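S.K.: Could you build the full structure based on these sequences and the hints that come with them?
Here's the letter readout for the chains.
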Amino acid sequence: MRTFLKYREVWLLAAIVVLIGLISMRFPGFAAPANLRQVFNDTSILMILALGQMVVILTRSIDLSMASNLCFTGMVVAMLNAAHPAIPIPLLIVIALLVGLVLGAINGFLVWRLNIPSIVVTLGTLTIYRGATFVISGGAWVNADQMSTDFIGLQRAAFLGIPVLSWIAILVIALFFLLMTRTALGRSIYAIGVNPTASVYAGIDVGRTKFIVFCISGMIGGLCGYLWISRYVIASVEVANGYELNIIAACVIGGISIAGGIGSVGGAVLGALFLGITSNALPVINISPFWQMAISGSAIILAVVLNARGERRQGRIILKKAEAA
Amino acid sequence: MTDTPAPRHIPDRLDKPFTSAMFSWEALLVAVAVAIFAVNSFASPYFLDAWSLSDLTFNFTEKALIALAMALLIISGEIDLSVAAIIALASTMMGMAVQAGAGTPVLVAIGIVVGLGCGAFNGLLVTRLGLPSIVVTIGTMSLFRGIAFIVLGDQAYKGYPPSFAFFGQGYVWWVVSFELTLFLVAAVVCWFLLHRTSFGRRVFAIGNNPVAAQFSGVRVDRIKFILFCLTGLMAGIASVLITSRLGSTRPSIAQGYELEVITMVVLGGVSILGGAGSIVGVVLAAFIMGLVTFGLGLLNVPGIVMSIFIGLLLIIVIALPIVWRRVRRERFT
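First to last, the sequence lines map onto chains S and G. For the record, in the first sequence the residue sitting at position 26 is 26 according to the UniProt record's numbering, with numbers rising by one throughout. For the record, in the second sequence the residue sitting at position 91 is 91 according to the UniProt record's numbering, with numbers rising by one throughout.
FYI, nobody ran anything at the bench for these hints, they're computed from the structure. Check before you lean on any hint, since a few could be wrong.
Ranges of calculated distance between the beta carbons of each label pair, as one might list FRET restraints [unchecked claim]:
| hint | chain 1 | residue 1 | chain 2 | residue 2 | range |
| --- | --- | --- | --- | --- | --- |
| 1 | G | Asp-55 | S | Gly-203 | 25 to 35 Å |
| 2 | G | Asp-55 | S | Ala-82 | 34 to 44 Å |
| 3 | S | Asn-143 | G | Met-96 | 32 to 42 Å |
| 4 | S | Leu-171 | G | His-195 | 47 to 57 Å |
Bear in mind that the values here come from a model prediction, so they are computed numbers and not experimental data. Note that CB positions come from ideal geometry on N, CA and C, so glycine has one too.
M.R.: So, in structure tokens, the structure goes:
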């Protein structure tokens with residue numbers, strides 16, 4: 001039981017349950033399964049993005065360009081769909097993944113080959129990718145009536161009573177769980193975050209792993225480009241403006257250390273859920289949505305304070321199981 | 001900060017002073033600035049004109065003012081992402097004071113005090129609790145702007161007194177605006193502080209190795225706290241300037257400024273990992289960013305496309321010395 005309580009995810013889950021409990025005291029319908037399913041669906045995109053950001057942060061890097069990547073890729077697929085409605089949606093998703101991959105690979109290449117700090121590289125590509133969106137679209141919007149019904153309808157279609165968007169999120173969570181806990185790449189990612197120098201001596205190619213990590217976050221950005229556009233059915237230069245900081249906030253609340261090496265898939269998912277629930281619940285319990293930023297800001301500061309304490313006590317995650325045993 | 005440190009360039013003993021000056025970061029920036037200036041003056045007939053060049057400075061002085069303090073903060077190994085939110089909060093408070101009938105001196109005082117207070121709050125969180133500044137200031141960024149949103153909702157504060165307009169629109173002498181004068185004075189003060197005082201030396205020491213600095217008797221936490229206060233103060237002053245220039249306050253004021261300020265600092269040759277940089281570089285970078293946006297504006301290039309050039313400039317200027325060094329090493333060894 002005590003080892004159980006050591007896990008940050010348990011505390012975070014408890015916080016979320018308490019949060020839902022408090023909200024349902026004011027508004028009984030909130031905890032209904034249908035509504036919770038809706039909240040999960042609404043938060044799916046943020047969860048997927050947070051997982052992509054997580055692997056980058058774990059290697060002591062950061063990807064500030066994710067939201068711009070999402071915006072660019074979303075515009076590409078929306079324009080393709082508007083111009084050629086005949087292109088099947090699975091192909092469009094593959095295109096979205098590839099475009100995202102290329103953008104992520106550019107970040108990764110600059111970090112790997114030129115040794116420029118990732119915060120500088122992605123600060124640059126953040127503005128470049130968003131500017132490029134304007135260039136390809138000429139500043140025009142792609143509206144709902146220009147998109148095909150398949151394009152919009154896919155993620156809304158229900159499978160076993162749950163929307164496809166939620167299924168995609170579940171699939172991505174499962175893939176990331178396998179990646180981080182069952183593969184050598186996942187191990188290397190943690191190792192680099194804990195100690196880059198020791199990782200080199202352990203035979204891990206640090207630069208190449210960082211490159212791969214940026215490719216992953218780029219692909220996630222691309223995937224969410226399609227999901228975002230087809231969900232909110234409008235593609236413009238303004239899509240997800242400033243969202244990169246929400247993604248990082250979800251990671252921080254989820255207990256992923258910005259100094260690298262500490263964090264888990266469960267944490268990132270729960271961090272995103274926490275943000276999603278607060279933003280979903282505010283209008284329901286009659287609090288002005290203008291409070292949302294202040295609340296998430298306070299949550300971030302609180303989470304960092306707790307993280308700092310947790311890190312001191314727990315040590316790095318790579319040793320956590322050994323320590324508990 | 002979160003990356004593994006890149007190898008620093010340690011000057012070769014055989015480098016002559018002249019050649020090392022020629023290949024210094026500042027020289028590179030001057031070359032870039034001159035090139036952009038030349039392109040601009042050929043590209044648009046409206047560019048080379050005293051008033052037009054004076055207008056140019058409004059593009060960057062407010063952000064550059066913050067960049068000066070941010071440079072010191074980043075050299076010490078910390079960062080402040082909440083500066084734009086501090087501007088919004090200070091501006092909101094000034095707007096509330098105006099509704100209560102406050103005069104210009106009170107407004108300026110409120111702007112400065114709120115800025116200083118927000119900076120001190122960041123500083124306390126970082127130094128007292130030992131938290132990473134990048135995360136703390138992402139939090140306070142939402143918090144400060146959130147408060148502005150709570151107070152303002154979707155409204156705007158207007159009705160600033162006419163005498164308040166001087167700070168953002170007034171001219172001190174002929175075409176020299178108050179903003180530019182303030183920026184130049186602040187630049188000289190920051191240059192002196194960083195490069196000519198023991199305080200500046202300690203800032204570099206902390207950025208290079210905080211633990212070693214601590215053991216050498218440097219009060220690391222106190223200096224970091226002062227630097228956060230200084231950045232907050234500059235954001236407060238910038239808030240006075242912007243609010244005065246726009247004559248209104250909206251909760252979305254100065255959105256995205258934090259990234260532009262950091263771009264300026266990094267473009268100015270300050271290492272994002274801390275421990276290296278100069279004020280001259282930051283001032284030059286500010287002028288370069290001003291020149292680029294103004295020149296492209298004259299050519300009717302939309303703002304969002306300008307950001308491509310700023311982003312490219314950032315990456316190319318940072319990558320250039322690295323590529324150059326690599327090419328040279330391959331040729332001679």
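S.K.: Evaluate each hint against the coordinates.
M.R.: A quick look at each hint next to the structure:
no.	hint	result
1	Asp-55(G) to Gly-203(S): 25 to 35 Å	violated (58 Å)
2	Asp-55(G) to Ala-82(S): 34 to 44 Å	holds (40 Å)
3	Asn-143(S) to Met-96(G): 32 to 42 Å	holds (39 Å)
4	Leu-171(S) to His-195(G): 47 to 57 Å	holds (55 Å)
Hint 1 from the list above is the single one not met by this structure.
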